[in-house]
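Chains as they are written, first to last, in the working numbering: chain L, 1 to 168; chain F, 1 to 168.
Since the hints were derived computationally from the structure, they do not count as laboratory data.
Do not take every clue at face value.
Note that identical chains are pooled: a pair holds if it fits in a single copy or bridges any two copies.
[Stated by the list, open to error] List time: in silico BS3-like cross-link candidates among lysine-lysine, alpha-carbon distance up to 30 angstroms: (1) Lys17 x Lys7; (2) Lys17 x Lys57; (3) Lys148 x Lys7.
As the structure is a computational prediction, the values presented were derived from the model and not from experiment.
Next come the chains, spelled out residue by residue.
Number of protein chains: 2
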Amino acid sequence: MSDDLGKLADTVLNRAKQAGLTIVTAESCTAGLMCQVLSDAEGASVQFHGGFVTYTKEHKVRALGVSETLLRTQGAVCAAVARQMAAGALEHSSADVSASITGVAGPEPDEDGNPVGRVCIGVARRGSPPRAFEHHYGDIGRDTIREKAVADALNAMADAIAPATASS
Amino acid sequence: MSDDLGKLADTVLNRAKQAGLTIVTAESCTAGLMCQVLSDAEGASVQFHGGFVTYTKEHKVRALGVSETLLRTQGAVCAAVARQMAAGALEHSSADVSASITGVAGPEPDEDGNPVGRVCIGVARRGSPPRAFEHHYGDIGRDTIREKAVADALNAMADAIAPATASS
Numbered sequence: 001m002s003d004d005l006g007k008l009a010d011t012v013l014n015r016a017k018q019a020g021l022t023i024v025t026a027e028s029c030t031a032g033l034m035c036q037v038l039s040d041a042e043g044a045s046v047q048f049h050g051g052f053v054t055y056t057k058e059h060k061v062r063a064l065g066v067s068e069t070l071l072r073t074q075g076a077v078c079a080a081v082a083r084q085m086a087a088g089a090l091e092h093s094s095a096d097v098s099a100s101i102t103g104v105a106g107p108e109p110d111e112d113g114n115p116v117g118r119v120c121i122g123v124a125r126r127g128s129p130p131r132a133f134e135h136h137y138g139d140i141g142r143d144t145i146r147e148k149a150v151a152d153a154l155n156a157m158a159d160a161i162a163p164a165t166a167s168s
Numbered sequence: 001m002s003d004d005l006g007k008l009a010d011t012v013l014n015r016a017k018q019a020g021l022t023i024v025t026a027e028s029c030t031a032g033l034m035c036q037v038l039s040d041a042e043g044a045s046v047q048f049h050g051g052f053v054t055y056t057k058e059h060k061v062r063a064l065g066v067s068e069t070l071l072r073t074q075g076a077v078c079a080a081v082a083r084q085m086a087a088g089a090l091e092h093s094s095a096d097v098s099a100s101i102t103g104v105a106g107p108e109p110d111e112d113g114n115p116v117g118r119v120c121i122g123v124a125r126r127g128s129p130p131r132a133f134e135h136h137y138g139d140i141g142r143d144t145i146r147e148k149a150v151a152d153a154l155n156a157m158a159d160a161i162a163p164a165t166a167s168s
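Bound-form chain L, shown alone (with noise of 0.2 angstroms):
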C-alpha cells in the first residue's frame, strides 16, 4: 500500500476529528482497499465506522438499497450509481459523510461493456445530495486504478469534511 494513501487517509481522519464527524464508504471494484487504508490511519477507531463491500450487482441492492432498475438499465458503473451507494452507506450506518467507488479494475471489462479503468466516485454528507464524479484512469494494471480510485474517494471525501485550507 503506498504511503501516499496512507497520509490522505490521515488528512481525513483528520479533518473528521476537527469537524467532530464520523466516516463510512461503500465499495465495488476496490473490494475493501479503502477500508483497510482508513483502519490504519490515526483516529480510524473513534472516526471510521467501517463500509460496505458490494461486489456483485444484488449485493449493492441488498446491503444498500441500490436500484435494481438502475442497475439493470444503466450497469453498475455510472454516477447514478455511484451517488446511491453513497447515500445508502449513509442510510444502513451512523457516519456523517461518505464515499463510494465503482468501476472496473481489470483485467477484463465488465459483463455490462464498461472498459477497464472506468470509475465512478461517489460522496454523500447528512443533509445534502450525493455527488458523484468519473473517472477514466485507462488500462494501467488492476493494483494501480484500484489505488487511484482510493485516493480519488478519499480526496472527495475530504473535501466533503471541510475544504482545503492552508493549514489543512
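Given the coordinates of chain L, assemble chain F onto it according to the supplied hints.
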C-alpha cells in the same frame, strides 16, 4: 499479501462453485482484508457477494444487527458477537455462507481490555445455527495477526461449504 491467503481464497471459491453456493463476509479488526483476498481469487465475480466492515460497535449494530446489550456487557471480541456478525451478514445479503472476524490486531488492547491477538471467528450457513471459534495468537504484530485471522476464517468458511476431501 501472502500467497497462502490467495490459495485459501481459491479453495473457498472453488468449493463454493462446486456446491453452487455464494459467500459474504463480516470483518472488524481485519478491516476488509478478507474481502481483498477473496476479490482477487478466480470466480469472485460470481461466488463472492462482498462484505461488511464493521469497525465500531455502533456499526456492528447498524449494519449487522449485533445486539447492543451483548456488545455493552461482553465487549466486541467474544464468540457470541462473532456468531451474530456471521448471522447478520447472511440476513443482510443473499449469500449462502458467511464468515466473520472480530478481534484485537493491536498495537494496543481494545477498550474493553481484550489482549492483542485475541480473535473470534464466526461462520454461518443458511439454515444452520452459526458457530464460532476463539484464537489467541499473542502479540505477534498487527499484520501477522490480521493474516492469521483471515486464514482461519477462510479455512472455517471452506469447511462450512464442504468438508475437505482427498481431492479438494
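Results for each hint:
1. Lys17 x Lys7: So Lys17 and Lys7 pass the 30 angstroms test inside one copy only (15 angstroms; across, 39 angstroms).
2. Lys17 x Lys57: between (33 angstroms within a copy, 18 angstroms between copies)
3. Lys148 x Lys7: both (14 angstroms within a copy, 27 angstroms between copies)
Hint violations for this structure: none, all hints satisfied.
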